[in-house]
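Asks: Listed below are the residues making up each chain.
2 protein chains.
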Amino acid sequence: MFKERKTKITSDFWQRYRKLMANSSIPFQWDMINDNKKIIISNDAFAAEGTADKSHAIANLKIAAGREKGKFFGMDFQDTDVYKWLESAAYVLSYAPNKKLREETDSVVDLIADAQENDGYLSTMFQIEMPERKFKRLQQSHELYSMGHYIEAGVAYYEVTGNEKALKIAEKMADCINKHFGLQENQIPGIPGHPEIELALARLYEVTKNERYLKLAKYFITQRGQDTEFFDRQNKLDGKGRNFFPGLDKIGNRYYFADKPVTEQVDVHGHAVRVLYFCTGLAHIARLTKDQALMQAANRLWKDTVKKQMYITGNVGQTTTGEAFTYDYDLPNDTDYGETCASVAMVLFAKQMLLSDLNGQYGDIIEKELFNGALSGIALDGKHYFYVNPLEADPKASKKNPGKNHINTKRSSWFACACCPSNITRLLSSVDRYLYSIKDNTILSDQFIANETNFDNGVSIRLTTDYPWEGKLSYVISNSQEVKFNFAIRIPQWALGDYHIIVNGQRVDVKLQKQLFILPITDKITNITVDFGMDVHLVRANNRVKDDMGKVAVQRGPIIYCAEESDNKAPLWNYRLKSNPKFTSNYDSQLLDGVVVLDTDDAERMAEDSEQQLYYFVDDTPGWSQSHLRLIPYYAWANRDNGQMEVWLNKR
Amino acid sequence: MFKERKTKITSDFWQRYRKLMANSSIPFQWDMINDNKKIIISNDAFAAEGTADKSHAIANLKIAAGREKGKFFGMDFQDTDVYKWLESAAYVLSYAPNKKLREETDSVVDLIADAQENDGYLSTMFQIEMPERKFKRLQQSHELYSMGHYIEAGVAYYEVTGNEKALKIAEKMADCINKHFGLQENQIPGIPGHPEIELALARLYEVTKNERYLKLAKYFITQRGQDTEFFDRQNKLDGKGRNFFPGLDKIGNRYYFADKPVTEQVDVHGHAVRVLYFCTGLAHIARLTKDQALMQAANRLWKDTVKKQMYITGNVGQTTTGEAFTYDYDLPNDTDYGETCASVAMVLFAKQMLLSDLNGQYGDIIEKELFNGALSGIALDGKHYFYVNPLEADPKASKKNPGKNHINTKRSSWFACACCPSNITRLLSSVDRYLYSIKDNTILSDQFIANETNFDNGVSIRLTTDYPWEGKLSYVISNSQEVKFNFAIRIPQWALGDYHIIVNGQRVDVKLQKQLFILPITDKITNITVDFGMDVHLVRANNRVKDDMGKVAVQRGPIIYCAEESDNKAPLWNYRLKSNPKFTSNYDSQLLDGVVVLDTDDAERMAEDSEQQLYYFVDDTPGWSQSHLRLIPYYAWANRDNGQMEVWLNKR
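Chain order of the listed sequences is A and B. Under my numbering, the first sequence is numbered contiguously, ending at residue 652. Under my numbering, the second sequence is numbered contiguously, ending at residue 652.
These aren't lab readings, by the way, just hints derived from the structure by calculation. Everything hinted at is true.
Copies of the same chain are indistinguishable here, so a pair counts whether it falls within one copy or spans any two.
Calculated pairs, SDA-like style, for lysine to any residue (alpha carbon to alpha carbon, straight line, at most 20 Å):
id	residue 1	residue 2
1	569	544
2	472	518
3	236	259
4	651	549
5	578	622
6	307	618
7	400	255
8	651	623
9	578	549
Required output: the full structure, derived from the provided sequences and hints.
Replies: Structural data, given as structure tokens:
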């Protein structure tokens, strides 16, 4: 009943980011993928010995299209840097029409069409360098991953611009994959090493309603983990010493989340982005096919991720070794990985779960990522990015302890494996897609981003709020045609102890269902005000988490705070908070492009020991003196001086 | 004036270890190096894909000697497993004569002599597989390291048994090296990638008084870091792709402690064992040559190591990446390396410093290693060893977090790089060498191991004590010939606040010099009793050490304690000590081959959180309940069930 909608985002916070995408990030990334500027890669595990001083992503497509001559350069999934840029640009065009950008995106679509082979195949490395090896080493080839990303981009671009060529390319790709993969004779009974195609095919199905794509997506979901010898068999046939990534042939199926069928999986493990992209597709396909076993699996994996393996900022993936999950309750702060892409994937996963089950827990995670873990992946200038998002950083440790040198303490302009920049931009340019979730006759206000949205059935919603800095939400719901529906509002988990709701001037006593306030709408105009208490909270971790014992994080609204050396004295670990510290919260428009900073005098600092002695009897401990401590939002760290940062603080 | 001495160790604690060496470790290691038993390597970074199921160390020598046919197997320093076994066996023969062992050691000397080339060269990998590459890739070849270890063994074996052949082999090696290395024309103006030859040549000089060896040792000390292009130049000539260890050609001179001359070095860095072996040679040569600049360098590096980069157990080397030091005050407990060999090297380094300067600080470190960091490297059965010695361990973390899987939570019987087993045995079988240090006319009782020692000038010392479990030392000094000398006793840093001394029944007021009590001896019989307070101490780290903030370690006498899952409930991090906890100390002869265990009821344990939620507001924190906590000596951990262990404990 709510089919189409037009949304205008009015939030100051998000307006800034949307302009940033349009005016800074998208043009910057265009320059990167076109090699218009020299790329300087700093401290990147994937950039061995200066081998990544360029992107070459557009150039690869031009060579594959026969427009230029040359050799392929980059990762076997280098094409995706173009596709994700195209997807980001599509979202930008939806709110910031721009002739020049539109020419660029159309030209990219034309280029991709030219590069695509007649049968729909597109993966420039194989086309240029090794056509005989197509689909022959799926464990590492990223062919389906790359085409999946194109399909996402093509669908998005078609949705925004109506460019049918873009959609046609996607359909041709899907048809090519459909022809080659499956359990029929003459098909490859295989799966991709890196999931992505599953969620892409589900999106393509939703646009085209072509059942073939749904079936194919389900095949990839259910086939995973069935034939645990598939990769080894393919690798053997492809030949020894032909790895695209060293060691990936020996790492085992667990790493690929292909150790058993998903219906038997009980936890997330292996490469974080792989498993989370897979879970996104899983949840999507489970919903589309109403497959209960798949939905139960999605639920199990969701719970394991968010209740046992997620940092308080929303970051996931605890180890740099293989960019992977480790195990339940293992959440080291200074060696974690927390890849930006994994946080983006969490948003995608959460959204699919939410569409099956209107429940506040999913929006809580989307919110966590949008204001913390994912957002940390991009600098305030839109042109610098984190691949890794630690909860504790020290430039000296990153430089001098090899176990921590995956942790950059300044964002980089690009990476040899440049997956994160365009992933965070495609998320930030599409936040409008996360405002509402609709199921049956209920429309849920899930993300509290000030907006005006008109639905095609005459319903319009205006949300006015200074969220995330203030906790007051004012809704005006216009329903001129008196459509009967329920309006739901997520009550964030952090606000459950302190919120109130006023409907048309009357305070209402609320009984939440699945963390949602649900109101049947009958009037032509309904005014709802929700007030979340914005007290500063100290948060602790479950005591199964070793690394957070005795420590607290500070949260205000949805924002997780951190201490930074720019505001406080190093070393930061020599501070501790008193019990029940009082914080003042002030919005400072000049600081970090506008943030609420938290200040407290209820902190103490230990006098520094001399350099003369390394160990002391405890009687000989320096005193603590009252001290000021300033905290800023986690997402905004590392935008000033290069220094220490801590989310988890000592507490008296 | 005190030239030779005969020592009998009477300490129960060390008698047990000396019998263990003689009856268990040495026969076991003999079986290992002879491949009498199948070797099972578990979780060893150096054992790639089961390539290390044997030692082959004796076999390599037999092949080089022409006694057998076959191919070389193992590390390029595999020979040293034989040499360090021989050195250990020599020390064992000094206190436990054994005909069978003597036959084995003599036969090994004969074998080594046969394997040695006419010009003195011996390194079986090069002799068997690549004679044309001798001394051509010193950065990685370990040839001088290997010969250095033989020289140490040969000197020790000659000293104990008088076997001149053993010494002759060493001299021939040194002559070979002397011929090839140096700044003369036709010599290699180079240094070894792995120091060891320096300290070995110094030992050889002390036995032979041949100035050539002293000069050669000094050359290696002073040449290091002078020509920073030497390794690269040699590698280039030797040819690309001919590394003995992947990546070691690119790691840079810093790793080899060859980035600048030692007189300009200000801190220890790079591979821990390399730099500490080098420092041992440095201190030795500085003393022998009275070179002040070298002595100052040794002092600087000593201070940096023990005051800024040493774990409280004496372990050193903070990172598994390159088995290396990281930086000052970086002392992570659950990812550290703390190689057993590095702790052995610390003892060697300390002893050389001590011989230049009778000062209590050096014996403090020897004691720390003997009772903690080094001793942890061997199981109570003498047949299992730690390569890595963490201060915090969790079998689950070691298994599932790749950043911690270098940490074994059970000792292994052998390693592909089997340097540690024979290193800890050569230390433990030679503790008698650490009892006394003599300088000018002062004899210092440095290590408090009960013993009876007769010097050749008629002086004899009997020390009766139950150290380390009890703090009372009773000395009887007999001086029948009324030699005039000073007797000094080290007052350990941990006892400085609580000790008293009685000389011939009279309590004496003590003024310490460099942490030493010094008494001129004139009587024929002198009785001295020293009483160290054996209170249990809580120790904290300098607050520049991030990872120990808010935590305490527990020490009694020289012993550092730890909590183990065998005695306490996991997770161990849910315990905390109250302020001023009272401990009871009881010697339990049945536990862990006899240890003083510490028990306290002044601990609290937090009730475990549910699995339903990962983060909570701090108001919602489970209560603490009074709890019992039991601690055992750190050196004895991992001799029971496989479980968690913690040295640093939370404190209220």
